[in-house]
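Residue numbers (this note's numbering), protein chains in the order written: chain A, 1 to 391; chain B, 1001 to 1273; chain C, 2001 to 2273; chain D, 3001 to 3354; chain E, 4001 to 4297.
Source of the hints: derived by calculation from the structure; they are not laboratory data.
C-beta atoms are modelled at their ideal positions from N, C-alpha and C, and glycine is treated no differently.
Honestly, I wouldn't trust all of these hints.
Stated by the list, open to error - From the structure, some residues in chain E lie toward chain D, with a derived Cβ separation under 8 Å:
| # | residue |
| --- | --- |
| 1 | Y4286 |
| 2 | I4294 |
| 3 | E4295 |
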Amino acid sequence: ADKIPVGHLAALTGPTSDVGVPYGQGIADALNYINKNGGVNGKQIEFETVDYAYNAPRAVATYKKWMASMKPVAIQGWGTADTEALVQFIAQDQVPYISASYSGHLTDPTGKSPKTKAPAPYNYFYGPSYSDACRGLVQWAMEDWKAKGKEGKPKFVHMGDNHPYPNAPKEACAAYAEELGFEVLNPIVYSLKPADAKAQCLSLKESGANYAYLGNTSGSNISLLNSCTTVGVQTQYLSNIWGWDENSINAAKEAGNGVAWVVGAPPWGSAVPGMKTLAAISRMSDSSGKSERPLHYIRGVCATFFMKDAMEMADKAGGITGPNIKKAMDQMKDHVPAGLEGVCTPSTWTAEDHRGTTEVSVYTSDYKDGKFTMTKMATEDVPRRAEWLGW
Amino acid sequence: MGEAVPQSAAKEAVLTVNNIEVVYDEVILVLRGISLEVPQGEIVTLLGPNGAGKSTTLKAISGLLKTEDGKVTRGNVTFMGENITNRPPEEIVRKGIFQVMEGRRIIEDMTVVENLRLGAYTRRDRGIRKDIDMVFDYFPRLKERTGMAGYLSGGEQQMLAIGRAMMARPKMILLDEPSMGLSPLLVKEVFNIIRSINREQGITMLLVEQNANMALHACSYGYVMESGKIVLDGNREELLSNEDMKEFYLAGGDKERKSFKNIKSYKRRKRWL
Amino acid sequence: MSDPTSLLQVSGVSLSFGGVHALTDVTFEVRKGEVFSIIGPNGAGKTSMLNCVSGRYQPQKGSILFKGQEITGMRPNDRCTLGIGRTFQNLALFAHMTVLDNIMVGRHHLLKNNFLNGPLYWLSRAQKEELRHRRDVEDIIDFLEIAHIRKSVAGTLSYGLRKRVELARAVALRPELILLDEPMAGMNLEEKEDMARYIIDLNEEWGMTVVMIEHDMGVVMDISHRVMVLDFGKKIAEGLPDQIMDNDHVKKAYLGEDTEEPETSQPAEEEVA
Amino acid sequence: MASGHTMMRCGEYRTTYQADTTIFPTPMSRYFAVGSVILLLGAPALLNAYYLNLLIQIGYYGIAALGLNIVVGFTGQISLGHAAFFGFGAFASAWLNSSLHIPVFFSIPLAGVMTLLVGLVVGIPAGRIKGLYLAIATLASQFILEDFFARADWFTGGSYGAMAAPFTVFGYTMNTDQRYFYVVLFYVVVFFLLGSNLLRTRDGRAFVAVRDHYLSAEIMGINLNKYRILSFGISSLYAGIGGALFGHYLGYVSAEGFTILLSIQFLGMIIIGGLGSVMGSLLGTAFMVLLPEVMEGVVNLVGATSPDMTQALAYVKEMAIGLSIILFLIFEPDGLAHRWKMIKAYWKLYPFSY
Amino acid sequence: MNWNLLIQLLINGIIIGTLYGVVAMCFVLIYKSTRVVNFAQGEFLLIGAWTCWALLVKFELPFYIGFPLTLAFMLVFGILLQVVVLRPLIGEPIISVIMVTIGLSMFFQSLMGMLFGGFARPFPTVFETASVNVLGLQIQTAYIMSLVISVVIMIGFYYFFKHSRTGLAMRATAFNQQVAQSLGIPVRHVFAAAWAISAMVSALAGVVVGMVNGVSSALSFFGIKVFPAVILGGLDSIIGSIVGGLTIGILENLAEFFDAQWLHIGNMYTIAPFYALVIILMIKPYGFFGTKDIERI
Ligand SMILES: Nc1ncnc2c1ncn2[C@@H]1O[C@H](COP(=O)(O)OP(=O)(O)OP(=O)(O)O)[C@@H](O)[C@H]1O
Ligand SMILES: Nc1ncnc2c1ncn2[C@@H]1O[C@H](COP(=O)(O)OP(=O)(O)OP(=O)(O)O)[C@@H](O)[C@H]1O
Ligand SMILES: CC(C)C[C@H](N)C(=O)O
Ligand SMILES: [Mg+2]
Ligand SMILES: [Mg+2]
């Protein structure tokens, strides 16, 4: 039978490997699981995993190499910088690209929104965009502020490295925060690499911010929270989806208590129907079935299964080619991959709008005596405004 | 050492260089079978034109050849009955051979005193302070120089290099052109020092010199080398009275010294090869 | 004020380093076409004097005129363009370049090609120019008899040969005034004779004015027209060679004639010859 | 000399100064060089995309490496900021093309000139600061430029980077490896020839003189400041050209591609190739480009079945690269060029070694 | 002007600066005795930190045993490194040795990645009180520990180089290996001592940073980050390394202050020291305390 060539760009080393490894593992396990269980309508997926160490030029080089040799029909990608760099290439080559970058810039397939940098017809991702996630967080923050009965304008600050990933929602989110009645402070820059951040924490403390959005990944956030606790910062942290997880909760210990963050999947072991399939998938790389997979792993699985479903649809609609897969993706409506009910959020893509979902789950965590709990605090419905497309 | 020693073999040789061949960079053959002997407590001198391989011979003995990508590829060097061919230099120093390298290789970013203390690196006795004063007695100029040794004048550096060897109190010193760049007065003094160290401390010396006159008068036995070979050897009297030596190394010997002004041809070299 | 026969006028030059007074109020003049020697004990300030003339040091006081032009504040590389070349006491060759390239560097200020047309070698005049100068350099190589080491890397040469290459490099500058710092150090009699010959030829046939520092009194007496003596940074005598030799101060401080005789049969003067 | 004599040449026979000053010390080496270029002209037809890609990489990195060798190997000033210049060239060419609509054909050399100017400015401290102090000052310029790249949206697209249009001549787009190869080959040949010529003429000798003994160089009439700064300028020109070629090859330019790591790799290329050797620059580049590929190949023999393993193998690969560099330098501390010379010397004198 | 913030940032700068100083000192130690710029310095920190982490977490040793064991391990590590890798390079061009340290850095960086993964791991609690109050600023106890230890080490090194026989020998080796060997100095031992001590002190710094931020590969970035400190102080000055470290620490925090208060450029914290570095070097080409090259001809 013919094989379906798929590229898998992963960040297994480099500054985002802390979250890149579990996410990449999720994708690989899912692909292997699919192949083991009948493939895509009987066709096997042939995938190559390349570690590009979160270095965008290396990703582009890998892409070019693939296009010269294996010619993938779809790609599972990773970062914001590289995905945005590839937007035009994949559009030209007609390769659907499912990224782990949830940059809002990737959500406008036609480029009709005035805020769009460039149309991204072949880009997809699973979950709310970084901009929408941040909007959801500030929405939650405003409710929190009111619920606590505080007076006046709360202060909001964006924190993150000067890098496409943390920067992606910076302006969009600040605008919405302003609209909601926040006073938006000057952003604070801290490194994506874990490093002492007491100086930044002192600035944060002095600024008197009530809500601080953390745009980096978990490793660097651990350092930040440690530093800020030492310095005695009193702020409600709002973390992006990649900025907080089981690993960081364990590492930051008490310093991380109370962080509010965006979660794109139910935690491992939740009582949802899809957990069984998930456990089977996990066994692909863990025959004991004992490991507890982090949130990022689960999202990697979801991203793969949406692709698989689209491939199946494409197969029926005339063959597994890039354009057909795109067409199939664009027809998904409140779609949940079979077997992963309750695990993957229902998602909708259209030819005009690649915001799969605008629903934002806000969780918080609590660490005590070597154990932790994750609690859902709210589900924020972020308005799906037309002018926010591609922003 | 006033009395001439008739034959180098008269006394036990502490150092024997036996037919060594030296190659630099694995390709450049510089010494083609050099043999020489240095008897205990004597001064032996090694003469020869530029590029003959005198410094190379000394470095082959002291092991410093290694640091210049050179190697003894044939023959051997024995010191007090022990084969020291191609041994690392620091080991050879500890066995008691100390080389004063050509071109005043002092440690420029250290003071004079620090340089002298380093000369005594292999010593562990208490006499170091006293010996520093001794060096200062020999070379009073050095005492006044308190800055970095790299700022010393050429001659002052030469004094320091010699002083440093005195600090080591080795069994044997290899001196590579010690009188180079010294004023006539100091040349005499340095040779006096060499003789007195030799006499008073019984230190054996192998001396490479261009000042053949001084060197021959100080030594008991001498070798002349050219293009990597020994071409002539003999004890002091023999060499001093050799006609070729007189002409090419000793400025005519008994005859009136001819003026540098009147030498009209360059190509009058006599070669023993 | 400038005297047409005078090439270099040094007046009232003082130079000190911290507490060390290397030069104190030194005044002298070098006339066109002469061989002018500077002698003096080690550390007297001879090299420092050359450094002031060639621009390495800036004297704190006094002025230096070359061809009537004030050069005291001028950068060393500009002085070379005016026609001052020199050699160094502690070898300062470009150790990793070949002998040929070392000498070609001496042509630097005479060559016109640069980073714009040099790379276009064949298309620009660079090649022609380079080859023309190469011929001149070959003349120098022939003259100094270093043809056999033309392609050797300078750093691997023996001490004496390096000195000769240094002279070649300085000559390649085509200077009017050439400053030689102990050109004969590390050479044996025969080589000194050659070197003396070269210097005389440079002076007489190539028309260069020579300022030379040298410790070998035989050479100094024979080939220099006038001699200046420095001691402790001060000029203590100046005059014809014979006058200088008779100067008591010089005898005592420099030649050391009053000191204890070395234990040789030869009188002191002849030893250094 | 043209006649086909069969006798073995033993030693050096040259009859004119011209023959003596050629870049190629023996006719053999000239034939060898010309032959390689001719062979390379056929490469796109003969090699598959993978090998072609490697050759192209060796090409643009090699040009930049030669530039670094000029400043480090020839002038003796260690530069830790070469990647930034490489990047500057890439950004400049992309910017010239996209903002000022200068065709890529011209934007590449222009980018080289722009980088040269930046290099001259960054080189100014070299007039005063020496040795490792200077090295660290160039490290500073690396970080400062990197920061500039990530910030100067108008010029570089900021942290997102910029797109670089493909190379076109006479309406013909060189957008495949097969075509682009010729562009790179052209630049390599031209810039290596220019470089070799520079280094055997006046200013090239001045660089080496400054390196070997700056005090005496100055007295030989060499203006130290001028040459110290100039060598930075020229090295930047090379870096800029290399970078521009890289940018239009990849089609995308980002600050992330020009970090200190790349600077260090450039340094690795010339040290491994041989400091102060033109050919060495190319050899060293080939080594550094091919090493990871070879390691990749070795590692792929094991075959990764999971990201965990891919990750482990990524580490193994890096370790192997580090280890190879170490081993290489232990056994060949003077670089490939030296080994090459020894082989040549051996053959020239064979069977009379010594 | 926000004086409170300024003062707090300055204190923070001093504390972080001392840490930079310690790492810089390790650098200087190797440079001063071998003229090698050690690009693997950061990895020494990393190895030290991971070793200690493994001893405390995996082997569950108490800190007062695990830490000295780490130091002992690093001592052996330094010596081994010298014997296996650096000894064959004695007498070779320094630049080759520098390149080897780059190779070492790549090697150990990935080795650590392979052994311990890419996650930042927290250190177990070592000090009862995690932080103490200094002039109104909370400072991690670990930093105080490093401050005290580093001052002691610094004074030790200072005397070592100035007055001890071995210290002199190290300086001589750095000046010229051939000359050093001609004086009977066992260059190999000098190298071994320098690398071993440096590795040990680096481990100390690694452990301290690890306690504060967790152990992760990012630690190795310290190796490059302290370059400015080393240079500002003067490459071969022990005291200079501390002064340089403090200067950089303070500069960083001052930059943060100006950035946060007025400029709002972002990232001034990391970049400003480099601007300052160039400016200071233009005024003082050998840093604050570096030995000037001897320019004598
Ligand atoms: N490191 C080296 N590499 C290659 N060749 C060398 C090296 N050192 C010396 N030589 C060569 O070996 C030969 C002998 O050199 P050596 O220094 O021993 O001569 P020398 O007799 O001491 O001369 P001088 O009186 O000029 O000091 C010379 O031809 C020199 O070029
Ligand atoms: N740059 C400097 N810094 C400090 N002192 C210096 C410097 N240059 C020279 N001196 C000192 O100045 C004095 C004169 O030195 P100079 O080199 O001129 O002597 P010289 O006459 O050439 O002696 P020699 O015959 O030994 O070469 C010496 O005592 C030397 O130590
Ligand atoms: C930072 C990482 C988690 C990568 C992320 N997917 C991005 O957008 O860049
Ligand atoms: Mg010699
Ligand atoms: Mg002198």
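Hint by hint, here is what the structure shows:
Taken as an interface hint, Y4286/E checks out: its beta carbon lies about 6 Å from the nearest beta carbon of chain D, inside 8 Å. Below 8 Å, beta-carbon pairs count as interface contacts, and I4294/E has none with chain D, the closest being about 10 Å; its hint is therefore violated. Residue-level restraint check for E4295/E holds (minimum Cβ-Cβ distance to chain D is 6 Å; threshold 8 Å).
Hint check: a violation occurs at hint 2 only; the rest are consistent with the structure.
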